[in-house]
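Trainee: Sequence:
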Amino acid sequence: MDKDHSAEAEKIAFEVAQINNEVPKDLNDHINDGNFSTKRDIQNTFEKNVEQLQAKASNIHNNSNIMHVQNIKQTSSDNEKIKNLDQISDSIKNKTKKYRKNLIILLIQHLFSW
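Using the numbering used here, the letters of the sequence shown map in sequence onto residues 1 to 114.
Calculated directly from the structure, the hints in this document are not laboratory data.
There's no promise every hint is true.
[Stated by the list, open to error] Restraint ranges, calculated between C-beta atoms of paired labels, are given here: (1) Lys93 to Trp114: 27 to 35 angstroms; (2) Ile60 to Lys93: 42 to 50 angstroms; (3) Ser77 to Phe112: 30 to 38 angstroms; (4) Asn71 to Asn49: 31 to 39 angstroms; (5) Ile19 to Ala57: 46 to 54 angstroms; (6) Thr38 to Asn65: 38 to 46 angstroms.
[To be verified] Once the Cα atoms are required to be at most 30 angstroms apart in a straight line, the calculated BS3-like pairs of lysine-lysine come out as: (7) Lys83 to Lys95; (8) Lys95 to Lys81; (9) Lys83 to Lys56; (10) Lys56 to Lys39; (11) Lys83 to Lys73; (12) Lys56 to Lys81; (13) Lys81 to Lys97; (14) Lys83 to Lys98; (15) Lys93 to Lys81; (16) Lys83 to Lys97; (17) Lys56 to Lys73; (18) Lys83 to Lys93.
Model, not experiment: these values are computed from the prediction.
For glycine and all other residues, C-beta sits at the position ideal for the given N, C-alpha and C.
Make a model of the complete structure from these sequences and hints.
Mentor: If you want it as structure tokens, here you go:
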């Protein structure tokens, strides 16, 4: 049985030696070797992302305000055009009435002149 345990013990010792060679003694050195991000790296990345998102949100807000102002200007311009068209329409109606009256007067005058 000692041989079986001895072989198993050697196998375990070999596996432990492999693990010890792969795991660094000072994990902080291993973290700083570029394979892992440090807490500071992650914090810096987070802060940069926050700044970028805030800038994008600000741009979206500014663009929204610009569009709102442009829509108000366009609506005002459209309303002014409608008002002008209504005035033209009223003017045409008034002139049409005037011409009809004049035509009727001319027709009556012509009839009585016979």
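Trainee: For every hint, state whether the structure bears it out.
Mentor: Hints and how they fare:
One distance hint, 27 to 35 angstroms for the beta-carbon pair Lys93 and Trp114, holds here, with the actual separation near 33 angstroms. At about 49 angstroms, the CB distance of Ile60 to Lys93 agrees with the hint of 42 to 50 angstroms. Between Ser77 and Phe112, the C-beta spacing of about 53 angstroms breaks the proposed range 30 to 38 angstroms. Checked against the hint of 31 to 39 angstroms, the pair Asn71 and Asn49 passes, with Cβ atoms roughly 32 angstroms apart.
Under the hint 46 to 54 angstroms, the C-beta atoms of Ile19 and Ala57, about 48 angstroms apart, fit the expected range. Between Thr38 and Asn65 the beta carbon distance is about 40 angstroms. The supplied range of 38 to 46 angstroms therefore holds. In summary, the hint linking Lys83 to Lys95 is supported, as the alpha carbons are separated by about 18 angstroms, within the 30 angstroms threshold. Taking the CA atoms of Lys95 and Lys81, the gap is about 21 angstroms. The hint holds against a cut of 30 angstroms.
The straight-line distance between the Cα atoms of Lys83 and Lys56 is roughly 40 angstroms, outside the 30 angstroms bound, and the hint therefore fails. At roughly 26 angstroms between alpha-carbon atoms, Lys56 and Lys39 fall within 30 angstroms of each other, so this suggested pair holds. The straight-line distance between the Cα atoms of Lys83 and Lys73 is roughly 15 angstroms, inside the 30 angstroms bound, and the hint therefore holds. Distance restraint check for Lys56 and Lys81: the Cα-Cα separation of roughly 37 angstroms exceeds the 30 angstroms cut-off, and the hinted pair is therefore not satisfied.
Annotation: proposed proximity of Lys81 to Lys97 holds, straight-line Cα distance about 24 angstroms (limit 30 angstroms). Restraint check: the Cα-Cα separation between Lys83 and Lys98 comes to about 23 angstroms, which is no more than 30 angstroms; the hinted pair holds. Restraint check for Lys93 and Lys81: the C-alpha separation of about 18 angstroms stays at or below 30 angstroms, so the hint holds. The straight-line distance between the Cα atoms of Lys83 and Lys97 is roughly 21 angstroms, inside the 30 angstroms bound, and the hint therefore holds.
Proposed proximity of Lys56 and Lys73 is supported: the alpha carbons are some 26 angstroms apart, at most 30 angstroms. Annotation: proposed proximity of Lys83 to Lys93 holds, straight-line Cα distance about 15 angstroms (limit 30 angstroms).
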